[in-house]
Each structure stands twice: as C-alpha cells, then as structure tokens.
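K.L.:
Chains as they are written, first to last, in the numbering used here: chain A, 234 to 373; chain B, 692 to 1038; chain C, 183 to 522.
Misleading hints may appear alongside valid ones.
Unchecked claim - Below, simulated EDC-like cross-link-like pairs (lysine to aspartate or glutamate); rule was C-alpha separation at most 16 Å, straight line:
1. A:K369 with C:E396
2. B:K995 with A:E325
3. B:K833 with C:E396
4. C:K444 with A:E372
5. C:K485 with C:D352
6. B:K825 with C:D435
By construction, these hints were calculated from the structure, which means they are not laboratory data.
This structure is a prediction, so every number in the text was calculated from the model and none was measured.
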Amino acid sequence: MDWEPKIVAFLCNWCSYAGADLAGVSRFQYPPNIRIIRVPCSGRVSANMILSALRSGADGVLVSGCHPGDCHYISGNLHARRRFSVLKNFLEFLGIEPGRLNFSWVSASEGEQFATVVREVTERVKALGPATRLVKRIEA
Amino acid sequence: MTVKHAELTQEIQRQAKELLASGEVAAFLGFSAGSLPMTTRPFVARTPQEAERLVWNSFCTVNLANYLPALLKSLEPPRGPKDPPPTGPLPKVGVLATGCWSRNIVVQIQENQVDRSRLVILGVPSRGMVDRKKVLAALQGKEVLEAQEDDHSLRLKGKWGETELSRWAVVRDNCQSCRHPNPVLFDRLLDAASERQAQAPFSQIEAIEAMSSDERWQWFQQAFASCIRCYACRNACPLCYCSTCFVDDNRPQWVGKALNAPDVLTFHILRAFHCAGRCTDCGACESVCPMGIKVRLLTQKLSKDILTLFGAEAGMDVSVPPPFTTYAPSDPNPFECDTCSSKGKKG
Amino acid sequence: MPMKIRINDHQLIQWIQGVVTKFQVFYPLQDANSGVVHIQKATDSLNADAILKPVSGVPKTSIKTFFMPQPEVIARFSIAAQDAEAFVLKEPGTALQTQVLLNIRPCDARSVALNSMPYAEDPYFQKMLKRTVIIGRPCDETCSTCFCELVGGSPHGTEGMDLVILKTEDGLALEVLTQKGADFLKQNPCAESAGLQPTLQQQGGQELPIVAREMQKKDLLALYNASFWPQIAEACINCGACTFLCPTCYCFDIQDEVAGTKGVRLRYWDSCMFPLFTLHASGHNPRGQKVQRVRNRFMHKFKYFPDRFGPVSCVGCGRCVKDCPVNIDIREVISLMQAV
Chain A
234 MDWEPKIVAF LCNWCSYAGA DLAGVSRFQY PPNIRIIRVP CSGRVSANMI LSALRSGADG
294 VLVSGCHPGD CHYISGNLHA RRRFSVLKNF LEFLGIEPGR LNFSWVSASE GEQFATVVRE
354 VTERVKALGP ATRLVKRIEA
Chain B
692 MTVKHAELTQ EIQRQAKELL ASGEVAAFLG FSAGSLPMTT RPFVARTPQE AERLVWNSFC
752 TVNLANYLPA LLKSLEPPRG PKDPPPTGPL PKVGVLATGC WSRNIVVQIQ ENQVDRSRLV
812 ILGVPSRGMV DRKKVLAALQ GKEVLEAQED DHSLRLKGKW GETELSRWAV VRDNCQSCRH
872 PNPVLFDRLL DAASERQAQA PFSQIEAIEA MSSDERWQWF QQAFASCIRC YACRNACPLC
932 YCSTCFVDDN RPQWVGKALN APDVLTFHIL RAFHCAGRCT DCGACESVCP MGIKVRLLTQ
992 KLSKDILTLF GAEAGMDVSV PPPFTTYAPS DPNPFECDTC SSKGKKG
Chain C
183 MPMKIRINDH QLIQWIQGVV TKFQVFYPLQ DANSGVVHIQ KATDSLNADA ILKPVSGVPK
243 TSIKTFFMPQ PEVIARFSIA AQDAEAFVLK EPGTALQTQV LLNIRPCDAR SVALNSMPYA
303 EDPYFQKMLK RTVIIGRPCD ETCSTCFCEL VGGSPHGTEG MDLVILKTED GLALEVLTQK
363 GADFLKQNPC AESAGLQPTL QQQGGQELPI VAREMQKKDL LALYNASFWP QIAEACINCG
423 ACTFLCPTCY CFDIQDEVAG TKGVRLRYWD SCMFPLFTLH ASGHNPRGQK VQRVRNRFMH
483 KFKYFPDRFG PVSCVGCGRC VKDCPVNIDI REVISLMQAV
C-alpha cells in the first residue's frame, strides 16, 4: 500500500527532542513519518493541541517527554502524566481507535530508544489506516 | 406539593427573610415558581418581601452555583479597572446548596471564583430532581397542563386526561446515580441528611466501555448528531467561566463554529475535558440541553477514570487540591515502552 | 373565489409518494421514545398516519434551517500557490434542487414571510426561498405555550404557505395560494388539480396586529430605560437556545475555513446572546453586559423590527418558552413592555 501515515510528534525540548537529535547524529534509522513540534515541556501540551492535530488530519499523535522525576521544570511531566492517562482513556472511550494517540518518555541520552518508539508508533498507526474520525475536511 | 417540600419551602423563606431583614446578606439566591408546569426559575431575592416568592421542589434543576461569581461581583461597589480593590467587608450572598451544588461551591472557592467569607450557604439534602424530558417521554409527547407532586408520585393532567407516574422513575439520571446527596459545605443545614445510596453509579459508562471501538464511534456520533451549538450546556455549567471560551479563540482556532460533525464532536470532547476532575455531576448540562443530548456521559467517564486512577473526586474537601492541579509520584505510569532500557528506573 | 380541490386520504398519500420520488420532502414526525417532534426527511416508507393527521406539538426546531442552512457555503476558493485563480472567490457550485416542506404549521410558515423582510435583498435566502415549496396545515390543537394570535398570526393562518391542506366537512381539500404553488401543482398534479387558479397572497398591506401597532407607538427610550430589564435578565445564562430555536431570529456570522489548499466562506447562525456578538475590533463591546444583551433581544423583536418593517418579529410558536433553561417567559416580557 502506498499510503504513509502522517504522525504529529510533540517533543519536549530538554529530553525527547534532544533524544531525537541524538538518534539522528548516531544514525539510528527510523521511519520519516513523524512531523516534530518542539515544546518546552510535555506538560505544555494541552488537549486542545492534540485534538487540533487530529482535526487537521494527523493519522497519529505522539507526545514524548522526560521520564517522570527528571523534568527540567521539576513537575511538568508529572502533570502531563495525569492529564494524558485520562485523555487517552477518554478518546478511546469515544471511539478514537487505540493506537492513534501515543505517549512516551524518552530522555536526551536515549537516541536508540527514540528510534524504537517512532518505529513502533508508525507501525501501529499504519495498521490502523488513514484517520477518518474527527478529521475536518473542506468540500470546496 | 409534598409535605417535605412544603416544609422546606417555608423554612427557606423564613431563613431568607431573616438573613435579608438583618442585613447579613444583601441578596438571596434560590428559585421561584416558573410559568410552566414542572418548572422553576432561578431567582434573587433582595428584600424580605421578595423572599416570600422562594420555593423548593423537585423541579429545581439549574445549578445555582453558576450565578454566584457574577452575583457577588454585582454587589461590590463599582470601580474602574485600575482602582484598588475595596477595603472592608463586602456584601454577602445567601444561597441554597444541595450535595452537588455545594461541591461546585467548593471548587469555585479553590479556583478563587468566590470568596467563602461572603457566602451564607443553606444546605438542603436533595431527594433528586425530576427530568421533564423523561416525563414527556412517558406521556409520549402529550402536553402537561398541571402537575402535582406527592412524596413518591407525580400526578399529571392535560387535555388528554390524567395520569400518575412514579416519581423516582422520572428523576434525572445523575440524581438516580448520585453518591453525594448531602451538602459538603454549609452554614446551616435545613434538613436531616439523606441516606440515599447510589445504585451502580457508572453503569451507563460501563455499558459504553463494553462496546468495540467502532461501536463507540457510532454511539458518539449519533448521540451528538442533533447538537445545535447553542452552548446551553456550557453556560449552565458553573465550571465554565472563562472570559474567552476556547470556542471563541481564533489564533489558533481550535474548533469551527458551524454544524460540522468534526467540529461539534471536538467541542464536546474539549469542553468535557476542561471540566475533568472538577465536575460534580450536577446534571445541569443535560437538563438544559434543548435537544435532549446525554451530555453527562462524557463528564462521567472522566470522573470515573479520575476516581479509579487517582482516587480523587471534585469538591469533597476544600483543602484537597483538584486532581489536575497536582500530582503524586505514585500516579499510574502507563507510558513506559517495553523495549526501552529505562524500564525499572525511578519514576 | 378561491378554488379548493377535494382530495381524499388515498389521493393525498399517492400524490406525496410521487413527489417524494422526485424531490426532497420534509415533514414533522414524532419520535416514539422521547415524544419529541422533529422535521425529518421523507423516505420511501412514508409514515402515512403522520401525513394524514399531522402530529400534535410544535416541532423542536423551526423550518429556518431550510432557508438558512447551518453552515451555508457562500463561496469557495483555492489558496494553492500555483493556482492562477488563487484567493478569488467563486460560486459554491452546487445546483439547488426543489425541496418540499409538508404539514407545516401556520406559525412556521409565517416566519418565512417575516424573515423575508430583512432578507429581501439577501441573494442566498432568496435562492432558498425560490426553490422551496411550503405545504401548510392549519392547527387542530394548540399548546398552552402557543400565542400566535397575540403577535398577529392564527392557528388557521396561511401566510407564507404556497399550498395548504384544509379540512372540510367531507374530508380534505387542497388550496393553492401562490404562483409558486400553482406551478408546482401543474408539474406534479394530484386528483383533479388541472386548471386550478391560485388565490395569490397579498404582499403587505395587511392589517398589523394590535401588539405591533402598540409597540410602534411607544417611545423607544421609555422601553429601553424601563426598570424591569435587570430583573428579567438576572436568570438568563446567555446560551443561544432561544435564538437558535426561534423561527424569526435570523442573525448570522461569516467565517472562512481553510484546509490544505482549499477554502470555503461559510455563513452560520450567530446569537445576540453570545458576549462576542457585538465585540468590535477595537476591543470595545457596546453590549458587554448580560442585561444589555437580554434587553436588546426583546427590543429588537418587539420594537426595532416593527418600527422598520411593521409586524413584530415573533410568530408565537412558544419554542423559547418551552426550552429556555431558566424559564424566561417571552409572554411575560411582552406584557411588561406593553404596560410601559
């Protein structure tokens, strides 16, 4: 199948984004389907932003931050952990396919792990097919 | 009306008159009789004479906490945006509060929307409020011209004749599954505590959780297909007090304003999510929806998860911070991926 | 002399069945579970009972959605960089088919006539009007919340209808009221409809209802500054339920929506109850307070509109009375205004 999913990835600047950078520098291969948006902290990512990505047609969303306890801003990712566990359950409750919304903790030294996470997420989203629920289309 | 409600109406009138006459409160927020059967309207009494219009019955479905911030503000002396806040005690407001409304007041206090010292809360344990839409469905749409409430039944009359319905059968869903009918915060309690226990409080949520992903999507789309974006649900909710709602943001625009399914569904998802951990299931959103949408099913799912995951419930104790303003190191951590070497590390 | 043709039950159903195969037809149906009446699209399996004996009860939503759909695409455009015609607004392009509204109550039909007054030069509304045929049905029963006669309507009124199905001593009869109705009947005949002459409805010149004449005479500022507005507005939660359910509330907003390289200009319903309704680009909001907005809605319907167009902008359907979450009763407001 020729279709390739588009996955929006919100990466926290201090850990996950740096981890992604390390993956690149270390030449760990991972699928090119993710579109990275750098945020200061995973705690900054709000439900509005995730829904906006789904609405714009993202086939999958990944939010990745520092490991709990290692947040550059001390507690941002701890707030995020609460928020995302509830949001993930909520969206799956409403019929968004499990696997569209993904969260992970990747630190700045975990280049290889970042590549693994992206590979797994891409495979998962690819198996689900193109996103159709909640996608805003313009018929013009 | 029922004996209990007649007594409560008398007591509410008596206490409101006393509070207003003594000057302890400048206004008393309650309900007065409505212009239609089975209806009341929110009412602010400002004199002991006006307090004689206060009523209490099974049709008080609007959440009074919704009006508190604006009412309190309206009683302050007028001042410009750059003037310093007034010194000295400000006028107080008396308000009726059932279990859920009192919990909303707790949340409002925690979120700095109302000042506890300016409230005189009259607690009323609730017997559950009647859902007019259920009555209409039971009568297959026939119009009710007169309604009499007894302790356990509703006697209804119309051009078509008369009938009697079981009161509990037409009580609102959220009241039937209520686990906290008694006020948690009050200055005076007007009645003995209710010993009502909820039967299967999250049964409707569990029914949906048992569906497959495709079935759930079908259900969600159909449930909200008749939404007209009137925002009655949002405006009746005491938690929705943002001066600019996310719906009206335009840079970026989170959700479109017209009746497109992705926009309507996104609106409801985000509105419910913004109430997560703060919603007390007062049912006002569902009661005011003109289209009869079961809006509560979204907020109840969130309340269930928050209770299960964090053991937290909105508004039970003013000293316990709301669940999303805090965290615990022992929070569930479902996002470690299996292959990463950090599994087993701290956190 | 208005000509009515007799039509029996069987002929009526046959006629409607024929019309359903050619056009989109909508009629009020009652939901068996909730008891609520909705105007729904007719399918091949017609509910004959609901056609012969119209459901009692005002439909939940009005028929304004057929004239002012929400959203309405009023233009489309491309924003593709290579497109020579980028950013040029184009016609929406969907050809409009005839739509037929059946068993419409007099209040809802009259609302179309009232909305046509401010929308006389609105090309989109007029296009919708031209392609819609309204087949009305006088009301056998009214609800306690109906007050059409107070505002100039009647349970037997026919204003706004193209055709009307009447009850006579010996069954039903069809009467043609407008040229559009006559043309429709010519193309879709029923029973002995050949040669039927329309009784053309008079445009304007009709006697205004008492309430409209009273309101026109009242001093605007006396109404505006009346002391009862804060009390009326106190319970209002500024949702849009009244405005969206009301057949004669017609305000709209326009927004462009873009996805990828395509965009549309949309028109959708707006409500004077929303705080942002009158927000200026400067940040000033002349109706920033709730009492100002609540007052404005009633003043518009019962003073500004009659001053400009004659009748009051209300058909007495009672939807706002039934569905206002806090039971603000427009009938009480009207009497307070009349007493000024």
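K.L.:
A separate judgement is required for each hint: does it hold in the structure or not?
P.N.:
Right, here's what the structure says about each hint:
1. For the hint pairing K369 of chain A with E396 of chain C, the CA-to-CA distance comes to about 49 Å; that exceeds 16 Å, so the pair is violated.
2. Of the supplied pair hints, the one linking K995 of chain B and E325 of chain A holds, its CA atoms being roughly 14 Å apart against a limit of 16 Å.
3. Of the supplied pair hints, the one linking K833 of chain B and E396 of chain C is violated, its CA atoms being roughly 35 Å apart against a limit of 16 Å.
4. Straight-line distance between C-alpha atoms of K444 of chain C and E372 of chain A comes to about 8 Å, which keeps the hinted pair within the 16 Å bound.
5. Between the alpha carbons of K485 of chain C and D352 of chain C the distance comes to roughly 44 Å, so the proposed pair goes past 16 Å and is violated.
6. A hinted pair counts as satisfied when its Cα atoms are at most 16 Å apart, and K825 of chain B with D435 of chain C does not qualify at roughly 35 Å.
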